[in-house]
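Note that the working numbering has the sequence shown beginning at 1, numbered continuously upward.
Here are the computed lysine to aspartate or glutamate pairs in the EDC-like style, where the Cα-Cα straight-line distance is at most 16 Å:
{"no.": "1", "residue 1": "81", "residue 2": "68"}
{"no.": "2", "residue 1": "81", "residue 2": "67"}
{"no.": "3", "residue 1": "81", "residue 2": "66"}
{"no.": "4", "residue 1": "81", "residue 2": "57"}
{"no.": "5", "residue 1": "81", "residue 2": "125"}
Derived CB-CB ranges, DEER-like:
{"no.": "6", "residue 1": "227", "residue 2": "27", "range": "23 to 31 Å"}
{"no.": "7", "residue 1": "15", "residue 2": "218", "range": "45 to 53 Å"}
{"no.": "8", "residue 1": "69", "residue 2": "260", "range": "32 to 40 Å"}
{"no.": "9", "residue 1": "184", "residue 2": "260", "range": "18 to 26 Å"}
To be clear, the hints were calculated from the coordinates, so they are not data collected in a lab.
These numbers come from a predicted model, not from an experiment.
No residue lacks a Cβ here, since even glycine has one placed at the ideal position from N, Cα and C.
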Amino acid sequence: MGGGGSALRVCADHRGGINWLSLSPDGQRLLTGSEDGTARLWSTADGTCCALLQGHESYVTFCQLEDEAAFTCSADCTIRKWDVLTGQCLQVFRGHTSIVNRILVADNQLFSSSYDRTARAWSVDRGQVAREFRGHRNCVLTLAYAGAPCVEEAVAGGLLVTGSTDATAKVWQVASGCCHQTLRGHTGAVLCLVLDAPGRTAFTGSTDATVRAWDILSGQQLRVFREHQGSVICLELVNRHVYSGSADRTVKCWLADTGERVRTFTAHRHSVSALKYHAGTSAAAAARSQPHGKLSLRTVLPAQG
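Please model the entire structure based on the sequences and the hints provided.
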């Protein structure tokens with residue numbers, strides 16, 4: 001399987017490593033969050049920086065770009081909402097007592113995970129905590145959401161899936177805050193996860209160098225993806241293919257339904273810390289250990305065998 005991928009352009013205005021990136025729904029803009037405490041909006045057409053988002057008091061851990069707003073979270077324990085046209089901060093969400101690791105906007109709710117061992121659901125409009133999810137024995141690193149239409153009536157209100165350094169993932173009922181299932185099998189921290197909500201399947205990546213697939217309703221482990229030589233840091237699910245970025249400096253493409261590896265991309269010089277895919281273009285960010293954040297956009301071939 002080839003190590004394809006050709007760099008289209010590099011965006012290097014950040015003064016620190018890039019910790020995460022998010023692509024707009026139309027693929028026209030890219031949002032990056034950095035060790036330098038800022039986020040930047042980029043045009044994917046020409047690589048120019050469209051807006052600089054400043055206000056966090058520590059490094060930005062994660063970001064999400066919507067049509068009309070951008071959301072960032074930080075080691076300063078806060079989450080911020082931004083106007084994508086002006087770069088103005090519209091709202092600050094306060095409540096977590098440690099680093100906020102991940103955020104997710106869905107169904108007019110904002111979900112967050114933190115080193116304080118909790119995940120939280122917030123009202124996007126009011127900026128207030130609506131629900132807390134407690135049960136992990138260590139830091140909550142990552143999360144994903146399945147809306148009510150995608151799951152059974154027994155879990156009306158949707159399901160939230162969280163991954164932790166306690167080596168487990170948990171499935172929560174959003175309406176009640178109760179833990180529905182605990183997914184056990186990884187032997188290291190769960191660093192990332194993606195959800196195939198219609199298929200009721202979660203994919204988790206870990207420091208144990210594996211990707212695992214789970215039935216989120218029954219808690220059953222379905223399959224294990226083994227070939228990476230380092231921690232699996234990020235995951236993306238596209239067209240029944242799972243893309244995994246790793247500390248082994250590669251991105252691998254797998255068939256979601258079987259776990260078969262169909263391609264490996266080896267053009268990276270450092271750990272792959274973030275991965276996004278849109279219309280044949282993969283965007284991969286350098287690891288946070290980089291003194292200066294560089295973002296490269298790469299054209300990749302369709303993930304065929």
